[in-house]
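Q: Sequence:
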Amino acid sequence: MAISGSANRSATTEKVVAYFAGCTTNYNEPELGEAVVEILEKLGMRPVYPEQRCCAIPQLTAGDVSGFRKNAEFNTRSLLASGGDVVTACTSCVVALKHDYPKWLRAPEATALTERTHDVMEYLVRHWVGGAMPPFEPVELSLAYHAPCHLVVLGDDLIDRRLALLRSIPGLSVTRVDRGCCGMGGTFGMKCHNYQMSMEIGEALFAALKEHKPDMVISECPTCRSQIAHGTGLPVIDPVMIIRRALRPANRESKSPGTRNNLTTNNVTTAVDAHEHDMGCGQSPR
Numbered sequence: 021m022a023i024s025g026s027a028n029r030s031a032t033t034e035k036v037v038a039y040f041a042g043c044t045t046n047y048n049e050p051e052l053g054e055a056v057v058e059i060l061e062k063l064g065m066r067p068v069y070p071e072q073r074c075c076a077i078p079q080l081t082a083g084d085v086s087g088f089r090k091n092a093e094f095n096t097r098s099l100l101a102s103g104g105d106v107v108t109a110c111t112s113c114v115v116a117l118k119h120d121y122p123k124w125l126r127a128p129e130a131t132a133l134t135e136r137t138h139d140v141m142e143y144l145v146r147h148w149v150g151g152a153m154p155p156f157e158p159v160e161l162s163l164a165y166h167a168p169c170h171l172v173v174l175g176d177d178l179i180d181r182r183l184a185l186l187r188s189i190p191g192l193s194v195t196r197v198d199r200g201c202c203g204m205g206g207t208f209g210m211k212c213h214n215y216q217m218s219m220e221i222g223e224a225l226f227a228a229l230k231e232h233k234p235d236m237v238i239s240e241c242p243t244c245r246s247q248i249a250h251g252t253g254l255p256v257i258d259p260v261m262i263i264r265r266a267l268r269p270a271n272r273e274s275k276s277p278g279t280r281n282n283l284t285t286n287n288v289t290t291a292v293d294a295h296e297h298d299m300g301c302g303q304s305p306r
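First residue of the sequence shown: 21, per the numbering used here; consecutive thereafter.
If you're looking for bench data, these hints aren't it; they were derived computationally from the structure.
Don't take every hint at face value.
Said to hold, decoys possible - Quick list of simulated restraints, FRET-style, between CB atoms:
1. 36 <-> 269: 21 to 31 Å
2. 233 <-> 172: 40 to 50 Å
3. 217 <-> 84: 18 to 28 Å
4. 87 <-> 128: 17 to 27 Å
Quick reminder that beta carbons are idealized off the backbone N, C-alpha and C, glycines included.
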């Protein structure tokens with residue numbers, strides 16, 4: 021990843037925070053990883069990028085318990101060796117590191133990792149509540165928020181707190197659109213024979229989002245972002261990208277319409293475009 025350079029800088033007073041990127045950030049959304057690193061640095065921390073593998077939820081859901089354990093053991097050793105807190109922007113990775121690893125590994129190291137692992141938005145909420153967050157610049161956008169299933173099971177209080185953080189940004193309007201699962205279900209909706217059912221499950225959410233007519237949709241789950249973009253045609257990004265924009269002075273934002281960091285409804289890059297999502301199933305975006 022492009023963030024590895026930031027991980028190698030020396031510092032004596034900064035708090036070390038290990039960043040667990042997840043596969044989608046590594047392969048499809050490197051700008052999200054760069055945003056996480058930039059925000060952590062603004063909070064006076066030193067983000068590091070330990071060697072890591074897939075969180076292994078895909079292996080577990082496919083029944084490959086042996087493959088899951090290998091990745092889980094590797095990640096547990098590597099992340100604990102960093103010596104600091106662990107943050108990740110992917111809700112599925114959060115569930116894996118905090119809940120699945122201790123359940124399947126049954127090792128004290130996995131329990132220790134659980135205690136040090138944080139969803140990055142919740143991590144930012146804690147610093148915001150504690151007064152450590154720099155002041156926000158205005159972001160004039162209307163957003164619709166979809167809470168991923170893996171976040172919902174962790175509790176509505178987590179959702180409410182991050183919405184409060186986002187709503188504290190001047191000019192930003194954020195509405196939670198709660199119409200259940202998007203239908204992707206991890207790798208379920210990526211399989212051709214599940215495509216139709218996957219889209220039908222998400223139809224209520226797609227309709228509600230389109231009716232709301234936001235400038236953008238935000239969601240923490242990369243597969244949710246892909247599915248929602250495919251089902252609605254709306255631009256979808258991770259809320260971390262909004263936080264980064266709000267922490268950047270206006271003169272740092274590029275005025276070029278083709279620049280990745282310039283948040284407008286015309287140029288937001290979704291996690292996976294509709295052609296990639298189709299995966300040869302013969303369906304076109306709605």
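Q: Hint by hint, which ones does the structure fall short of?
A: 2
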